[in-house]
Amino acid sequence: MTSHIHRRGFLKGVATLGAAAAVPAFLAACSGDDEEPTQPAGDPDAPANLTFWTWTTNVQKVVDIWNAKNPTQKVTVSNQAQGEELITKTLTAHRAGNAPDLIHAEYQALPVLITNGVAADLTAMAEGIKGEFTEGTWALTSFGGKTYAIPQDVGPMMLYYREDLFQQFGLTVPKTWDEFGAVARQVRQKDAKRYLATFSSGDPGWFAGLAEQAGANWWVNDNGTWTVRINDEPTRKVASFWGGLVNEDVLSGKPMYTPEWNKAMTDGTLLAWPSAIWGAGVLEGVAPSTKGKWRMVPMPQWDAAAPATGYWGGSATAISSKSSQRAQAEKFVKWLNTDQEALDALIAEGGIYPAATKGQSSTQLSKAPAMMPNQPTFFAEAAEIATTARGFNWAPNVNVTYSQYSDIFAKAVQEKSDFAAAVDAIQAASVADLKKQGFEVKEA
Amino acid sequence: MPVAAPVRRRPRRRGGPTPYVLMAPAVVLLVLFLLVPIGYTVWLSLRANRVSGGGLGIRTERFVGLENYTSVLTDSAYVDGLLRMLLYGLIVVPSMLGLALLFALLLDTPRVRFGAFSRIGIFLPYAVPGVIASLLWGFLYLPDVSPIRDVFEGLGLPAPDFLAPGGVLFSVANIGVWGGVGFNMIVLFTALRGVPREMYDAARVDGAGEVQIALRVKVPLIMPAIIMTAIFSMIATLQVFNEPATLQPLTDTVSQTWVPLMTIYRDAFVNADIHSAAAASVVLALGTLAVSVAVLTLLQRRAFGRDR
Chain A
19 MTSHIHRRGF LKGVATLGAA AAVPAFLAAC SGDDEEPTQP AGDPDAPANL TFWTWTTNVQ
79 KVVDIWNAKN PTQKVTVSNQ AQGEELITKT LTAHRAGNAP DLIHAEYQAL PVLITNGVAA
139 DLTAMAEGIK GEFTEGTWAL TSFGGKTYAI PQDVGPMMLY YREDLFQQFG LTVPKTWDEF
199 GAVARQVRQK DAKRYLATFS SGDPGWFAGL AEQAGANWWV NDNGTWTVRI NDEPTRKVAS
259 FWGGLVNEDV LSGKPMYTPE WNKAMTDGTL LAWPSAIWGA GVLEGVAPST KGKWRMVPMP
319 QWDAAAPATG YWGGSATAIS SKSSQRAQAE KFVKWLNTDQ EALDALIAEG GIYPAATKGQ
379 SSTQLSKAPA MMPNQPTFFA EAAEIATTAR GFNWAPNVNV TYSQYSDIFA KAVQEKSDFA
439 AAVDAIQAAS VADLKKQGFE VKEA
Chain B
484 MPVAAPVRRR PRRRGGPTPY VLMAPAVVLL VLFLLVPIGY TVWLSLRANR VSGGGLGIRT
544 ERFVGLENYT SVLTDSAYVD GLLRMLLYGL IVVPSMLGLA LLFALLLDTP RVRFGAFSRI
604 GIFLPYAVPG VIASLLWGFL YLPDVSPIRD VFEGLGLPAP DFLAPGGVLF SVANIGVWGG
664 VGFNMIVLFT ALRGVPREMY DAARVDGAGE VQIALRVKVP LIMPAIIMTA IFSMIATLQV
724 FNEPATLQPL TDTVSQTWVP LMTIYRDAFV NADIHSAAAA SVVLALGTLA VSVAVLTLLQ
784 RRAFGRDR
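Chains A and B, in that order, give the protein sequences.
Count the first sequence with the numbering used here and you get residues 19 to 462, in order.
Count the second sequence with the numbering used here and you get residues 484 to 791, in order.
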């Protein structure tokens, strides 16, 4: 390049400089994913400055406890975004080389982080704390014998219902899905303005939990080959069951988490809500005036002899593969998710249901959630339900599958079409996307 | 770059690099914040994350040519979104400009009362951010919380379902019109105030009534302003996002790919697929450019032609 900057060249020079400065940076930023940085063993007690991207409620108060105890190993909480948006942000930050040390990830988002090389392999550290979790929980963060995150909280599903309205209408609490359908019809007969429950096209995680309960197994990874069965028998059964009732207008088909839903949950238009253990906290937010009117019971069953439930939500803590403070990060993750004091604080401040078994028997859980003073044994009953929860492994394109779910089911609800066919459409879209990305896929 | 001696065609000219120095900030900003991002988007759109390796597999970014473009253009949801956006524009632009022109003309009549008050009243919705406006209207539309439906039911009339599949496009368009009329009205009104009053007196002397003055004198005179607002509104239409994206989680009738920008948002921020999003953005940008150039060429000939 010329060193004379003449007049006409000046413009070009600026442009070239700009381009020269910008392009390699972009190139470097976007192609540096392949090399796995080798981590030195590191001293877990060395001074550190860790960043933690998370959106757990009030997690700052829990981290404050750690910071007070470990003044040289400061953890900084940054609430960047929630859910999928946090994952997208983390991926971008990882590419740019400034990912946080610690990442809060919902279970279904883990494979995305793993296949992008963001989540570090924690198998070595995990061996020591595996015993703190049930096998079902542990399976949520382990893929092909390797562990990539430590479970923080779980969301076993349970049924909430309006005790007062059930009494008023003389309804019995459904123990099986057949009974659930029968009660739904009774509700419509007693009051045409009310529904027992709603099917939400906006909440794929909810539907996945219902499918898990029925015994579905959407994804299996066998030595690098994915088997995708979103339209397996249990899932089709769940879809047909809900679809039949929604299309007959026996159940409502309006999405959850809308102003309408809030109103329906408050004024008793909806009498029941198949939700998860954190549902009591949601009720407090959307329908505070119904305090003391709800009761929680196990989900209706497909097979009353073998009670089961699925998971809706729940998350884990992963460590960035590019973190230079790996040993200290591991120490923090272990503390956060298995230390009694941390778990107690997470329950008290964050309102979560911890994944670690000793957290599930925490004294913090001896009193009922604020919304349900009428059920003092709430958490004891919940702990029992939690032991029957079953999950499945998630795939690296859960985000795509979930957005397909929303659009496909929204259309099915609107057009009153076959829900089982909708599940087939999700399967097709999900498989096509996995293949497009270059994964080995075996359809079964 | 070849090493060449400075070209001095006019060696005596004074002033040296002054013009370039003065231009530099603008050029640097243009390059850094417009040209480089555009180039980067195009570059991203030609690449994709593909999986290699055993186990779960590791995604690596690689060049895929026009694959992203093929999938964008063959994605029926995206194409449906494009068509829906055009329909939306066909509803919004004429009704918004029609109302804006009507209000501007009314406010410009000699016997107008409460002029300033009405102007502010009509302009006010423009000051409401699009997302807030959509939430407000969302509450008015949602069947179970809508006071509009309460009124209908109170009168014993069948209540309209604003979010029914057939009507949702109009409901969304209504939000756009509500928010946009005020701004366009002010632009047109300002143009009207710039017209010399003598014109109207001359027209009156010739026996024209207020309606005739409005249609035959005022409208032709402010045609350039009307065309400018039309072009701005059209471009705003191509960028429609806030209104449907805010309504999307509230109802089953608005999908996540309802308009092109929603698809782009979903790909980039929900599906973590920046490459498809980049390709869809380039397609949308080219479409916008084509439509804008076409309309400008057509209108320039018709509206500004006689000025040349």
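Please note: incorrect hints may appear among the correct ones.
[To be verified] If we take Cβ atoms under 7 Å as the criterion, some of the chain B residues that face chain A in the derived model are:
hint, residue
1, Leu582
2, Pro593
3, Arg596
4, Phe622
5, Val628
6, Asp633
7, Ala697
8, Arg699
9, Leu733
10, Asp735
11, Val753
Just so you know, these hints were derived from the structure itself, not from any lab.
Think of the CB as a built atom: it goes at the ideal place given N, C-alpha and C, for glycine as much as any other residue.
State the violated hints by number, sorted upward, taking the hints as numbered earlier in the document.
1, 2, 3, 6, 7, 8
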